[in-house]
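Protein chains in written order, with the working numbering: chain A, 530 to 821; chain B, 36 to 310; chain C, 245 to 518.
Just so you know, the hints here were simulated from the structure itself, not pulled from any lab data. Being a predicted model, the structure only gives us computed values, none of them experimental. Among the clues, some could well be false.
What the hints assert, rightly or not - Which chain B residues stay away from chain A? Per the calculated CB distances, all over 12 Å, these:
1) L66
2) P73
3) F75
4) N81
5) P195
6) G233
7) V249
8) Q251
9) I256
10) F257
11) D258
12) A300
Claimed, not checked - Some chain A residues near chain C, calculated using beta-carbon distances under 10 Å:
13) G569
14) L572
15) S706
16) A716
17) H720
18) L721
Glycine residues also receive a C-beta, built at the ideal position from the N, C-alpha and C atoms.
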Amino acid sequence: MAKPLQRSSPSRSPWLDRLSAFGVWSVALIITAIFAWIMGDILWRGAGQISWDFLTLPPQNAGRDGGIGPILVSTGLILVVCLSVSLPLGLGTAVFLSEFTAADNGFGRLVRRSLDILSGVPSIVFGLFGYTFFAQTLGLGFSILSGGLTLACMVLPILIRSAEEGFRAVPADYRLSAASLGLSRTATLWHLLLPAAVPGIVVGLVLGIGRAIAETAALIFTSGYVDRMPTSLLDSGRALSVHIFDLSMNVPGGDAPAYGSALVLVVLLILLNGAANWIGRRLSFQSGFHWR
Amino acid sequence: MVWSLQAIAAIAGALVLLIAAFLIGETLPVLQKVGFLPFFTDPAWNPTEALYNLAPMLWGTLFAAAGSVLLATPLGILSAMFCQYYAPAGIALLYRRLIELLAGIPSVVYGFWGLVTLVPLIGRLHPPGPSLLAGMLILTMMILPTVALTADASFAKVPPAYLQGAASLGLSRWGTIWGVVIPAAKSGLLTGVILETGRALGETMAILMVCGNVVQTPQSIFDPIRTLTANIALEMAYALGDHRSALFVSGLILMGLVTALVIVADAIAPEENHG
Amino acid sequence: MTTLYPKFETSPTSQHPDSSSPFICTEQLSLYYGPQPAFEQVNLAIPAGQITSLVGPSGCGKSSFLTCLNRLTDLISNCRVTGRIRLGNLDVLDAKTDTTALRRRVGMILQKPNPFPLSIWRNLAFPLREHGVRDRAQIDEIVETALQDVGLWDEVKDRLKAPAQSLSGGQQQRLCIARALALQPEALLMDEPCSALDPISSGIVEDLIAGLRSRYTILVVTHNLAQARRIADNVALFWLQQNSGRLIETGSVQEIFEAPKSSITAAYINGVRG
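So here's chain A without its partners, still in its complex pose (with noise of 0.2 Å):
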């Protein structure tokens, strides 16, 4: 405790401490008003576009009128594709993780630094990736196959985390008395730790819908921008967050349906925030594993 005491010497003075409390408050502050800021201009010159007839008509003009329903079709098959791959592959791959390999397994630790890489790549390099692999060399094109496959790719590393949370917040005693009373591994998964570590998984899917539907470099090449409607998962068709940026970026005028775009978008992704949080609270398990 000498070390502290030394190095706080000036803070004897006792406006330094109020100075810093000052710094401290003016920047929370600032980042709140920024904060309503955004949000208000949105929600402000947002709010006065949303109709049924928004939701659910087809865009037209360029987006300038009409609506987005197909737009929100598109952005809902393309999540459904990138759930149907990434959640059994991320669900594996954190049961395998967290249950069956020992921290120091070195196979384990080079699909954990792996996974820490692939969730670094910036989305336009999965952009790419996607486009070259998925949409030219497996022959999917500009569709939302392409899309979905794309973003499950970039989703795998938060499933796989939040649900690998999930696992090591179940105690270490529930192993040892399942194993001590006979139970197979894979009894204990499936009836004990599954349903265990169910908060940690939902949070990591709420989390990965969330980065789903806010992406939009890594779905341009992928799924591509024809706003019809789809027909089927081998069609083209245009995320939500990908009509924000054509209608601000391409289209004259189209200020107005992207401010009511950006609102749908952002309501969605504050309802997903919300949910993540309500069930992350209810993860209730007392933490600490530890095997010995």
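Based on the hints, put chains B and C in the right spot on chain A.
Showing chains B and C alone in chain A's frame:
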């Protein structure tokens, strides 16, 4: 059972290699033809005439990222201090939610807001408006939550005994934070900075929408710039042959930068998670 | 009790209280976590149908010793066990040994009560079902017997579907014992089963353990010498020597508490270094 799970994990782990392999595969044609050096020494970026100088865009990326990291780091850390040590519990909770929401706002929405609100404001101050400054400010808002949330988490891990010890020595609040909390949370804070840098380097849409996309090395913060990411997004749609290949080179550079950052972050991160 | 559970019919439960021969026998048993030994060269014979108490200071390998006996050590990464463990004719440490069957024969109770996050009934029924008991009536019968054996039946018979977590700490621990008993084991390994409980619950669980004597071979790790003296037939003293756990002395309760052979035992019993 174990084997199938291991196979799944192997697929998930190999994804990053697959991505790297595809990027490298696509860059090979141009790299074999002109090599790596022209990407920094050619007189201009004019891929249809086989001129591939990425340097201005690399500078654009680096300036925008550096500026936003310099702004967002202190703001984010002060935000986290606010949550942990200054705000009453209720306000801290609300503020944390707000930061989480900021983190969740899509980059295209930030870009759109920047385009219709921030760019005209800057334009009035110093034309043209779309500029490095606009990019830096928008990026700051976007990466701030990353620092704020990591800093918040690493402050929360500082053992309460340290704080009690400091309090029993009669240290002031700021003295405690500066002398005890920051040193104790140092590696967590550093991780946050590295993560936000990665995000800033890789951001595409918002930057694309507010920076003006002129290929030039900026002389002032009011100059329009084009980043590597924006360049890919803008030209990929019509790029063919070596041009396309050159865009993949910039993708590869980005991926290399981010991978290096992640490896550094992993190396300094306190080893408490994977135990 | 014997015919309820067809798979267990052949188990030696009925012929059990044969205290002349040891039920579990270890030879030169050592356990290492990485390079660090937890205990070394333990030769211990655990008499059948009796309560044997493992005592000694913290960190001398008593709990690790227990986890060897039902091969729970398999779950611990970078843990190595050498030596031999014989359970009847079974070579416990043999890689070919069926651990599921082994753990059914040797139940285990941990220090902290840890019922699964399921209903009271399912806490007992789920492991039974996993061991192949599908008949609902049979399960109900085994559950009732096990709960009666631990004195919990009257307390919970009206709320078998309530979450197990709603029970008190002492009740939870008794439920965990019932959960082990439902599998009709031959031996019970208990790792300080009373130390996380309040004094009254601790007394109830202690009486319960004493009441299981002669029906099961019981091995209890405890820090509480008075408890060991009250319930145990035999005592084994572990001690930390040269940074690794050693078995110092074994004997009947009288021998250990009244005529210890080792000076360490004498000192420990008298609380000099306890």
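* To do: Against the earlier hints, flag every one the structure doesn't satisfy and list their numbers going up.
  => Result: hints 6, 12, 13, 14 break, sorted rising.
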